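Each residue of the sequence shown is one higher than the last, beginning at 130 in this note's numbering.
Keep in mind the hints are simulated off the structure, nothing from the lab.
Given the structure is predicted, the values throughout are model-derived calculations rather than measurements.
Be aware that a few hints might be false.
List of simulated lysine-lysine pairs, BS3-like, C-alpha gap at most 27 Å [said to hold, decoys possible]:
no., residue 1, residue 2
1, Lys-244, Lys-283
2, Lys-283, Lys-228
3, Lys-244, Lys-173
4, Lys-222, Lys-173
5, Lys-244, Lys-222
6, Lys-228, Lys-244
7, Lys-283, Lys-222
8, Lys-168, Lys-222
9, Lys-244, Lys-168
Beta-carbon label-pair distances, calculated as ranges [said to hold, decoys possible]:
no., residue 1, residue 2, range
10, Gln-285, Phe-154, 34 to 42 Å
11, Pro-226, Arg-161, 31 to 39 Å
12, Arg-180, Asp-216, 16 to 24 Å
13, Ala-160, Lys-228, 28 to 36 Å
Just so you know, even glycine gets a beta-carbon here, dropped at the ideal spot from N, CA and C.
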Amino acid sequence: MLKTRVLAVLLAGIFFVSCAKKETFDADAQARADEQIIKDFIAKNNIPAVRDPSSGVYYQIVTPGTGNVTYSNNPELFANYTGRLLDGTVFQKSTEPIKFRYSGVILGWQVGLAKIQPGGRIRLIIPSGYAYGSSGYGNIPPNTVLDFDVDLIKAQ
130 MLKTRVLAVL LAGIFFVSCA KKETFDADAQ ARADEQIIKD FIAKNNIPAV RDPSSGVYYQ
190 IVTPGTGNVT YSNNPELFAN YTGRLLDGTV FQKSTEPIKF RYSGVILGWQ VGLAKIQPGG
250 RIRLIIPSGY AYGSSGYGNI PPNTVLDFDV DLIKAQ
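Please work from the sequences and hints to get the whole structure.
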């Protein structure tokens with residue numbers, strides 16, 4: 130009798146699991162949605178941003194900076210930054226320069242930083258796939274486009 134009950138519970142569990150709707154993440158659909166969100170945002174706010182064709186990251190070089198940093202060497206960088214959601218909510222802001230390796234930041238930063246040199250300033254509007262993706266991070270929701278102002282102070 131106990132074996133019959135256990136078998137019935139197992140079969141019911143298998144049935145419910147097999148009937149459960151499986152959520153699948155469609156990265157291409159998210160990238161298309163992000164692209165439209167970014168286009169609307171830059172149009173509404175008159176941001177003269179340029180689209181990086183390989184990543185979909187939009188950027189505005191405010192100041193190019195000077196130097197000859199080779200980012201493929203994974204330099205140690207120092208920067209000040211402000212990170213915002215597109216509604217203007219600041220989710221993080223450095224009060225002192227942060228130190229990091231080029232390869233240790235989100236892909237959107239890697240795309241943008243490679244376009245400037247020390248002393249440069251760039252605004253990055255980053256699609257979710259080049260930020261924190263479908264996982265989100267801390268108080269950043271999943272699949273969120275991010276807006277950063279980054280001042281690259283130095284590289285070594």
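Determine whether the Cβ-Cβ distance between Pro-226 and Arg-161 falls within the hinted range of 31 to 39 Å. For Pro-226 and Arg-161 the Cβ distance comes to about 36 Å; the hint holds.
Is 34 to 42 Å a correct range for the gap between the Cβ atoms of Gln-285 and Phe-154? Because 38 Å falls inside the window, the suggested range holds.
Compare the distance between the alpha carbons of Lys-168 and Lys-222 with 27 Å, and conclude whether the hinted pair is satisfied. Roughly 25 Å separates the two Cα atoms, so the pair holds.
Keeping to a limit of 27 Å between CA atoms, is the pair of Lys-228 and Lys-244 held or broken? 19 Å, holds
Return holds or violated for the Cβ distance of Ala-160 and Lys-228 against the range 28 to 36 Å. Because 31 Å falls inside the window, the suggested range holds.
For the pair Arg-180 and Asp-216, does the Cβ-Cβ distance stay inside 16 to 24 Å? The hinted range 16 to 24 Å holds for Arg-180 and Asp-216, with Cβ atoms some 22 Å apart.
Lys-283 and Lys-228 were given as a pair; does the straight-line alpha-carbon distance stay at or below 27 Å? 10 Å, holds
Regarding the pair Lys-244 and Lys-173, is the alpha-carbon distance no greater than 27 Å? 25 Å, holds
Holds or violated: Lys-244 and Lys-222, Cα atoms, limit 27 Å. Answer holds: Lys-244 to Lys-222 is near 21 Å, not above 27 Å.
Pair hint outcome, Lys-222 versus Lys-173 [Cα-Cα no greater than 27 Å]: 24 Å, holds
Is Lys-283 within 27 Å of Lys-222, Cα to Cα? Satisfied, since the Cα-Cα distance of roughly 18 Å is no more than 27 Å.
Quick one, are Lys-244 and Lys-283 close enough, alpha carbons at most 27 Å? 14 Å, holds
The structure meets every hint from the earlier list without exception.
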